[in-house]
Amino acid sequence: MIISESILFSEKKKVVKYNSNNNNYEWEIDFRHKVSGLSRVENYVFVTTYSNWGKSFSHIVDFQKGIKLWEIEDIFYSIHIVGQTLIFYNKKKFFVGVNINSGEEIFRIKSPFRWSSSKAILLKSNYYIYNSKKAYILNLKNGSLSESRLPKKIDPKLVSLVLDEFQININNLPSAGGDIGAIYAGDGAVDGGSGGSGDGGGGGGDG
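Residue 19 in the working numbering sits at position 19 of the sequence shown; the count goes up by one each step and never skips.
Please note that a few of the clues may not be correct.
Straight line, CA to CA, 16 Å or less: simulated EDC-like cross-link-like pairs of lysine to aspartate or glutamate [as the list claims (entries may be wrong)]:
| hint | residue 1 | residue 2 |
| --- | --- | --- |
| 1 | K14 | E26 |
| 2 | K55 | D74 |
| 3 | K65 | E42 |
| 4 | K153 | D164 |
| 5 | K124 | E165 |
| 6 | K65 | E26 |
| 7 | K93 | D74 |
| 8 | K141 | E105 |
| 9 | K93 | E73 |
| 10 | K92 | E73 |
| 11 | K91 | E73 |
| 12 | K124 | D62 |
| 13 | K141 | D164 |
| 14 | K13 | E71 |
| 15 | K68 | E104 |
| 16 | K55 | E73 |
| 17 | K68 | E26 |
| 18 | K34 | E71 |
| 19 | K65 | E28 |
| 20 | K133 | E147 |
| 21 | K68 | E28 |
| 22 | K13 | D30 |
| 23 | K68 | D30 |
| 24 | K91 | D74 |
| 25 | K14 | D30 |
| 26 | K34 | D74 |
| 27 | K12 | D30 |
| 28 | K141 | E104 |
| 29 | K65 | D30 |
| 30 | K133 | D155 |
| 31 | K55 | E71 |
| 32 | K14 | E28 |
| 33 | K14 | E104 |
| 34 | K92 | D74 |
| 35 | K14 | D62 |
Beta-carbon label-pair distances, calculated as ranges [claimed, not checked]:
| hint | residue 1 | residue 2 | range |
| --- | --- | --- | --- |
| 36 | K110 | N23 | 45 to 55 Å |
| 37 | N22 | N126 | 42 to 52 Å |
| 38 | S146 | W70 | 27 to 37 Å |
| 39 | N19 | R149 | 40 to 50 Å |
Since the hints were derived computationally from the structure, they do not count as laboratory data.
Yeah, the Cβ is synthetic: ideal placement off N, Cα and C, and Gly gets one too.
All chains, please: the whole structure from these sequences, using the hints.
Quick look at the structure:
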């Protein structure tokens, strides 16, 4: 087991990085609204905040430096990071790709499944969006979709939970230590808030 000397925690409108080795705060960041979610993938800290008017915001923070990189009025569901691209699903059922360091939007595309939940999986560098009947590959450069199929040994009608290449890798990174959180990851149905199980997917026609 990897031993980490630091932890992240929140206090109302603040996130703190604490180092147990010297019993000191490495950094503290104040936010305008209350913190409701906190997670980390490698050097990126994901912070979710919400206002008294019901608006939610997602923030990206540099783990080492404690610097806010950018924020967006949106919530990240089922995130993946491929190179410098962060892909997430939002409440409006769009798959969105942004530059993880700048927040610049690369693409935004509506889920191809109108009446059923979408699931997303990264496999052999292919980003699949699928349900129990049909599968697509998402082009991470322009957001276009091309119809495809999951590998023959993966039956989308039977699969319920998956840890894909991205999730397996981040949970085995030595740099992750004990600070890594998985509240944004996971393969569950990405229907804009479930983040858990849902319609398994891939290979026929949208039901």
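Verification of the hints:
1. Pair hint K14 plus E26 holds up; C-alpha atoms about 14 Å apart against a cutoff of 16 Å.
2. Of the supplied pair hints, the one linking K55 and D74 holds, its CA atoms being roughly 8 Å apart against a limit of 16 Å.
3. Restraint check: the Cα-Cα separation between K65 and E42 comes to about 13 Å, which is no more than 16 Å; the hinted pair holds.
4. For the suggested pair K153 and D164, the alpha carbons sit about 15 Å apart, so the restraint of at most 16 Å is met.
5. About 8 Å separates the Cα atoms of K124 and E165, which keeps this hinted pair within 16 Å; it holds.
6. With a CA separation close to 9 Å, the supplied pair K65 and E26 stays within the 16 Å bound.
7. A C-alpha spacing of about 12 Å is found between K93 and D74, which places the hinted pair at or below 16 Å, so the restraint holds.
8. Between K141 and E105 the alpha-carbon distance is near 11 Å, which keeps this suggested pair within the 16 Å criterion.
9. Restraint check for K93 and E73: the C-alpha separation of about 15 Å stays at or below 16 Å, so the hint holds.
10. For a cut-off of 16 Å, the pair hint linking K92 to E73 stands: about 12 Å separates their Cα positions.
11. In summary, the hint linking K91 to E73 is supported, as the alpha carbons are separated by about 11 Å, within the 16 Å threshold.
12. Taking the CA atoms of K124 and D62, the gap is about 28 Å. The hint is violated against a cut of 16 Å.
13. Between K141 and D164, the direct Cα distance comes to roughly 20 Å. Violation of the 16 Å bound is thereby established for this hinted pair.
14. Of the supplied pair hints, the one linking K13 and E71 holds, its CA atoms being roughly 15 Å apart against a limit of 16 Å.
15. For the proposed pair K68 and E104, the alpha carbon gap of about 15 Å is at most 16 Å, so the pair holds.
16. A distance of roughly 7 Å separates the Cα atoms of K55 and E73; the hinted pair therefore holds under the 16 Å criterion.
17. Of the supplied pair hints, the one linking K68 and E26 holds, its CA atoms being roughly 15 Å apart against a limit of 16 Å.
18. The straight-line distance between the Cα atoms of K34 and E71 is roughly 14 Å, inside the 16 Å bound, and the hint therefore holds.
19. Taking the CA atoms of K65 and E28, the gap is near 10 Å; set against the 16 Å cutoff, the hint holds.
20. For the hint pairing K133 with E147, the CA-to-CA distance comes to about 12 Å; that is within 16 Å, so the pair holds.
21. Our distance criterion of 16 Å between C-alpha atoms is met by K68 and E28, whose separation comes to about 11 Å.
22. A C-alpha spacing of about 6 Å is found between K13 and D30, which places the hinted pair at or below 16 Å, so the restraint holds.
23. Straight-line distance between C-alpha atoms of K68 and D30 comes to about 10 Å, which keeps the hinted pair within the 16 Å bound.
24. Taking the CA atoms of K91 and D74, the gap is about 8 Å. The hint holds against a cut of 16 Å.
25. A hinted pair counts as satisfied when its Cα atoms are at most 16 Å apart, and K14 with D30 qualifies at roughly 4 Å.
26. At most 16 Å may separate the alpha-carbon atoms for a hinted pair to count; K34 and D74 meet this at roughly 15 Å.
27. The straight-line distance between the Cα atoms of K12 and D30 is roughly 9 Å, inside the 16 Å bound, and the hint therefore holds.
28. Restraint check: the Cα-Cα separation between K141 and E104 comes to about 13 Å, which is no more than 16 Å; the hinted pair holds.
29. Restraint check for K65 and D30: satisfied, since their Cα atoms lie roughly 14 Å apart, inside the 16 Å limit.
30. Of the supplied pair hints, the one linking K133 and D155 holds, its CA atoms being roughly 10 Å apart against a limit of 16 Å.
31. A hinted pair counts as satisfied when its Cα atoms are at most 16 Å apart, and K55 with E71 qualifies at roughly 13 Å.
32. The suggested pairing of K14 with E28 holds, with an alpha-carbon distance near 7 Å, which does not exceed 16 Å.
33. A threshold of 16 Å between alpha carbons decides the hint, and for K14 with E104 the separation of about 25 Å lies outside it, so the pair is violated.
34. A hinted pair counts as satisfied when its Cα atoms are at most 16 Å apart, and K92 with D74 qualifies at roughly 10 Å.
35. Among the hinted pairs, K14 with D62 is consistent with the structure: their alpha-carbon atoms are about 15 Å apart, no more than 16 Å.
36. Checked against the given bound of 45 to 55 Å, the beta carbons of K110 and N23, roughly 50 Å apart, stay inside it.
37. At about 44 Å, the beta-carbon gap between N22 and N126 stays in the expected band of 42 to 52 Å.
38. Remark: the range hint 27 to 37 Å for S146 to W70 is upheld by a beta-carbon distance near 30 Å.
39. Evaluation of the 40 to 50 Å hint for N19 and R149 yields a pass: the beta carbon distance comes to about 48 Å.
Consistency with the previously given hints fails for numbers 12, 13, 33, ordered from lowest to highest.
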